[in-house]
Structure formats: structure tokens, C-alpha cells
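Student: Sequence:
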Amino acid sequence: MLKYILSFVIVLAIILVAVTIGANNDQVIHFNYIVAQSELQLSTLVAILFGLGLILGWLITGFFYLKLKIKNMALNRQVKRQSQQISELTTARKAA
Numbered sequence: 001m002l003k004y005i006l007s008f009v010i011v012l013a014i015i016l017v018a019v020t021i022g023a024n025n026d027q028v029i030h031f032n033y034i035v036a037q038s039e040l041q042l043s044t045l046v047a048i049l050f051g052l053g054l055i056l057g058w059l060i061t062g063f064f065y066l067k068l069k070i071k072n073m074a075l076n077r078q079v080k081r082q083s084q085q086i087s088e089l090t091t092a093r094k095a096a
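Numbering (the UniProt record's numbering), first residue to last: 1 to 96.
Keep in mind the hints are simulated off the structure, nothing from the lab.
The reader is advised that the hints may include incorrect statements.
Pairs of lysine to any residue, SDA-like flavour, derived with a Cα cap of 25 angstroms [claimed, not checked]:
| # | residue 1 | residue 2 |
| --- | --- | --- |
| 1 | Lys3 | Gln82 |
| 2 | Lys3 | Leu52 |
| 3 | Lys67 | Gly53 |
| 4 | Lys80 | Arg93 |
| 5 | Lys94 | Met73 |
| 6 | Lys69 | Ile15 |
| 7 | Lys71 | Thr61 |
| 8 | Lys3 | Ile15 |
| 9 | Lys3 | Ile60 |
| 10 | Lys80 | Leu68 |
| 11 | Lys71 | Gln85 |
| 12 | Lys67 | Val79 |
| 13 | Lys69 | Thr90 |
| 14 | Lys3 | Ala13 |
| 15 | Lys69 | Trp58 |
| 16 | Lys80 | Ile70 |
| 17 | Lys3 | Asn72 |
| 18 | Lys69 | Gly57 |
| 19 | Lys69 | Leu2 |
| 20 | Lys71 | Leu56 |
| 21 | Lys67 | Leu56 |
| 22 | Lys80 | Thr61 |
| 23 | Lys67 | Gln82 |
| 24 | Lys67 | Lys80 |
| 25 | Lys69 | Lys80 |
| 26 | Lys71 | Ile60 |
| 27 | Lys3 | Trp58 |
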């Protein structure tokens with residue numbers, strides 16, 4: 001339930017930012033990037049850069065989340081293996 005509320009708030013914030021950005025920024029600017037040049041409205045440029053930043057942020061967050069997930073799986077396997085070794089040692093000690 002919390003996940004749905006959080007995703008709704010994020011989508012609502014993105015829509016609010018997009019509407020705010022596009023409201024009064026109709027000025028045309030020259031944008032020079034590495035291989036070319038173009039004329040864009042300021043609101044369009046800001047929206048594109050905002051979207052790229054959002055996507056880049058999600059990719060970086062996803063990378064670290066995946067890294068932690070893999071580390072967690074490895075540690076869970078190690079705990080399972082060690083608990084199995086402990087139970088084998090305790091049963092061998094009781095038998096002796």
C-alpha cells in the first residue's frame with residue numbers, strides 16, 4: 001500500500017513540475033551541444049533536462065539497489081551455510 005502511495009506522489013510531483021516549467025517559459029533559446037546546435041523553447045529544454053536527470057537518478061539508484069540485493073543474497077547463503085555447519089557440529093558433539 002505504501003508503495004502505491006509513494007509512486008502516486010512521485011507521479012503527481014513530476015506532473016506538477018512539468019506544468020510549472022511549461023507555464024510561462026516560452027522564450028526561444030539557442031542550445032549548443034557537442035555535435036550540433038538547435039533552437040528550443042526554454043520550457044522544452046528544461047523539461048528534457050529534468051527528464052534526463054530523473055532517468056539518470058533512477059538508473060544510479062537501481063544500480064546500487066541491485067548491488068545491495070546481490071550482497072544480501074550472498075550473505076543469506078553464508079548465514080544458511082554457517083547455521084547448517086553449527087547444527088552439524090552440535091549433533092556430532094551430542095553423539096560423542
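Student: Hint by hint, note whether the structure agrees.
Tutor: Here is how each hint holds up against the structure:
no. : hint           : in the structure
1   : Lys3 to Gln82  : violated, 34 angstroms
2   : Lys3 to Leu52  : holds, 23 angstroms
3   : Lys67 to Gly53 : holds, 21 angstroms
4   : Lys80 to Arg93 : holds, 20 angstroms
5   : Lys94 to Met73 : violated, 32 angstroms
6   : Lys69 to Ile15 : violated, 31 angstroms
7   : Lys71 to Thr61 : holds, 15 angstroms
8   : Lys3 to Ile15  : holds, 18 angstroms
9   : Lys3 to Ile60  : holds, 20 angstroms
10  : Lys80 to Leu68 : holds, 18 angstroms
11  : Lys71 to Gln85 : holds, 21 angstroms
12  : Lys67 to Val79 : holds, 18 angstroms
13  : Lys69 to Thr90 : violated, 31 angstroms
14  : Lys3 to Ala13  : holds, 15 angstroms
15  : Lys69 to Trp58 : holds, 16 angstroms
16  : Lys80 to Ile70 : holds, 15 angstroms
17  : Lys3 to Asn72  : holds, 21 angstroms
18  : Lys69 to Gly57 : holds, 18 angstroms
19  : Lys69 to Leu2  : holds, 20 angstroms
20  : Lys71 to Leu56 : holds, 23 angstroms
21  : Lys67 to Leu56 : holds, 17 angstroms
22  : Lys80 to Thr61 : violated, 28 angstroms
23  : Lys67 to Gln82 : holds, 23 angstroms
24  : Lys67 to Lys80 : holds, 20 angstroms
25  : Lys69 to Lys80 : holds, 16 angstroms
26  : Lys71 to Ile60 : holds, 17 angstroms
27  : Lys3 to Trp58  : holds, 16 angstroms
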